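Participant: Protein sequence lines correspond, in order, to chains W and X. For the record, in the first sequence the residue sitting at position 39 is 362 according to my numbering, with numbers rising by one throughout. For the record, in the second sequence the residue sitting at position 280 is 603 according to my numbering, with numbers rising by one throughout.
Simulated from the structure, these hints should not be mistaken for lab results. Just so you know, not all the hints are guaranteed correct.
Identical copies carry no separate label here, and so any pair may be met within one copy or between two of them.
Said to hold, decoys possible - List time: in silico EDC-like cross-link candidates among lysine to aspartate or glutamate, alpha-carbon distance up to 20 Å:
hint, residue 1, residue 2
1, K472, E488
2, K438, D480
3, K604, E560
4, K604, D582
5, K438, D483
6, K470, E502
7, K570, D582
8, K391, D415
9, K570, D594
10, K604, E615
11, K438, E478
None of the values given here were measured: they were computed from a predicted structure.
Here is what each chain is made of, one letter per residue.
Number of protein chains: 2
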Amino acid sequence: MADPFQTHPRRVAIIGVGLIGGSFALAMREAARDITIVGYDRDEVNLAAAKQLGVIDSAVHSLSQVVKDADVIQLSVPVGQMESVLKEIAKDISPTAIITDVGSTKGNVVELAQKLLGPAAKRFVPAHPIAGAENSGVRSARKDLFKDKSVVMVETDFTDPLPFEIVKRCWQACGAKIETMTVNRHDSVFGVVSHLPHILSYTLVYDIATRIDAETFFHFAASGFRDFTRIAGSNPEMWKDISLANKTTLLLELQRYQDLLRYFQDALESDDDEAIESFFKIARDARRDWSE
Amino acid sequence: MADPFQTHPRRVAIIGVGLIGGSFALAMREAARDITIVGYDRDEVNLAAAKQLGVIDSAVHSLSQVVKDADVIQLSVPVGQMESVLKEIAKDISPTAIITDVGSTKGNVVELAQKLLGPAAKRFVPAHPIAGAENSGVRSARKDLFKDKSVVMVETDFTDPLPFEIVKRCWQACGAKIETMTVNRHDSVFGVVSHLPHILSYTLVYDIATRIDAETFFHFAASGFRDFTRIAGSNPEMWKDISLANKTTLLLELQRYQDLLRYFQDALESDDDEAIESFFKIARDARRDWSE
Chain W
324 MADPFQTHPR RVAIIGVGLI GGSFALAMRE AARDITIVGY DRDEVNLAAA KQLGVIDSAV
384 HSLSQVVKDA DVIQLSVPVG QMESVLKEIA KDISPTAIIT DVGSTKGNVV ELAQKLLGPA
444 AKRFVPAHPI AGAENSGVRS ARKDLFKDKS VVMVETDFTD PLPFEIVKRC WQACGAKIET
504 MTVNRHDSVF GVVSHLPHIL SYTLVYDIAT RIDAETFFHF AASGFRDFTR IAGSNPEMWK
564 DISLANKTTL LLELQRYQDL LRYFQDALES DDDEAIESFF KIARDARRDW SE
Chain X
324 MADPFQTHPR RVAIIGVGLI GGSFALAMRE AARDITIVGY DRDEVNLAAA KQLGVIDSAV
384 HSLSQVVKDA DVIQLSVPVG QMESVLKEIA KDISPTAIIT DVGSTKGNVV ELAQKLLGPA
444 AKRFVPAHPI AGAENSGVRS ARKDLFKDKS VVMVETDFTD PLPFEIVKRC WQACGAKIET
504 MTVNRHDSVF GVVSHLPHIL SYTLVYDIAT RIDAETFFHF AASGFRDFTR IAGSNPEMWK
564 DISLANKTTL LLELQRYQDL LRYFQDALES DDDEAIESFF KIARDARRDW SE
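Pulled out of the complex, with its shape left as it was, chain W reads as follows (with noise of 0.2 Å):
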């Protein structure tokens, strides 16, 4: 088949095999046949799950070498782990290799990489791949997982283009479209739509499982609280992660949402049905809207 990418990486190492890591290399292989994969994991029982389910051709035991001779090396750690990773990496990246990881912020991950890769910072290029479950490891991985799924590439001061351009070019071997946002208007977004839901659905299954009589309360729970707390079923580490890597945000936001209850509360509490109606309707259209 014709080179995708002009610039065709040769061998991709994967630092974190997962589901991320693991769908991007078996997409990638799936638009070109030649390349070789190569993969690190610090969990060794899913970076032999990785090899012997060919999503990678090697698995290699040590980071500095996984990166060794990589033309391009995807960061698919968890968030919090970014820093230890890059201090490891940065002495062994060669001279061309692309950078680039799949953070779900954004904003850690660009200071980072600009105070510890040195001159290879001009070829790390952040990207947010929108897709993924809350399964993980790689034995969720699916080459079809980025199909027509958004990933956000951020744009940093410090990124060379052709790098970024590369990068590009790979996700959309991979079937996704490219959007392209700043670094604090991408935590921003994701801060709301994402992550702040994530803590509310946690907080609730929480607020449950605390209680003396929590069984009699999960027995009750029906469809609705099933959809809404599929999300806290999600990684506590990673969330931690997101957490901690977004934590301006999202102290603003859970601000924000919290006046926003109190506003509910204080129509409530006045029984001000018309407020109250109101509110309802005014997230039901927008829910309906969005969904159509």
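Starting from the structure of chain W, add chain X where the hints point.
Facilitator: Chain X in isolation, oriented as in the chain W frame:
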């Protein structure tokens, strides 16, 4: 077929032939072909559709007419209309008729029934089928909506045992599993597992919809947001009524929920990664146990 009711209701009146009332009518007819089902709905278009779809045998245009000679009267109207409907039907109910409801809150309905039904109050049986969806209207009605679903029957200190037993058998004939609870317990449990999440979900969508750049936020909302906000697509009038009817529980629970949010905020503010991860983990584990 054998009479599944022992005391077989010959004529069932459905007041409010929507998703729940309509599905009850379909399931009852499936269980006992010779039943006559009469329906009333304030929405004439919906009422005509109920007749046309064969959900009811006849469409009646006044409350006094629909309850006349009915053996079982099911009130399937929004909780906020219960008062005016009870007032209007009280004088026309036959001296043996059983009155039951399907409201999502029970405290207010029980109080109103006792106050407004006079001697007929001892034939009032409060019930709450745990089924339904964000869809409403008779066109969403299905004869198997209650199959293997729970119906919570609420014990009052004024309901006679026979009416209670007959309503119970009606629901069993619809395929439902019967659970019993006190009024306060019912409103407390459903306040937490159903009403609270609805308010939280509406509030998040309201939060986004009222931003100047709402469009960008909605554009990047993905599957986590979709599930979390599915219940924000619910009927605003119905949920205004439920909120007001269960006000005491909800004010208490909104407070507790915000205390937990504040606990989380404090942990985030002080970078307490252990507290955050453990908060998420308790929720995640409970959510997993629940779904298994």
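Participant: Could you run down the list of hints and mark each one as holding or not?
Facilitator: Status of each hint after checking the structure:
no.: 1; hint: K472 x E488; in the structure: within (18 Å within a copy, 54 Å between copies)
no.: 2; hint: K438 x D480; in the structure: within (13 Å within a copy, 71 Å between copies)
no.: 3; hint: K604 x E560; in the structure: between (36 Å within a copy, 8 Å between copies)
no.: 4; hint: K604 x D582; in the structure: within (19 Å within a copy, 27 Å between copies)
no.: 5; hint: K438 x D483; in the structure: within (16 Å within a copy, 76 Å between copies)
no.: 6; hint: K470 x E502; in the structure: within (14 Å within a copy, 46 Å between copies)
no.: 7; hint: K570 x D582; in the structure: both (18 Å within a copy, 19 Å between copies)
no.: 8; hint: K391 x D415; in the structure: within (6 Å within a copy, 87 Å between copies)
no.: 9; hint: K570 x D594; in the structure: between (36 Å within a copy, 9 Å between copies)
no.: 10; hint: K604 x E615; in the structure: within (16 Å within a copy, 34 Å between copies)
no.: 11; hint: K438 x E478; in the structure: within (17 Å within a copy, 66 Å between copies)
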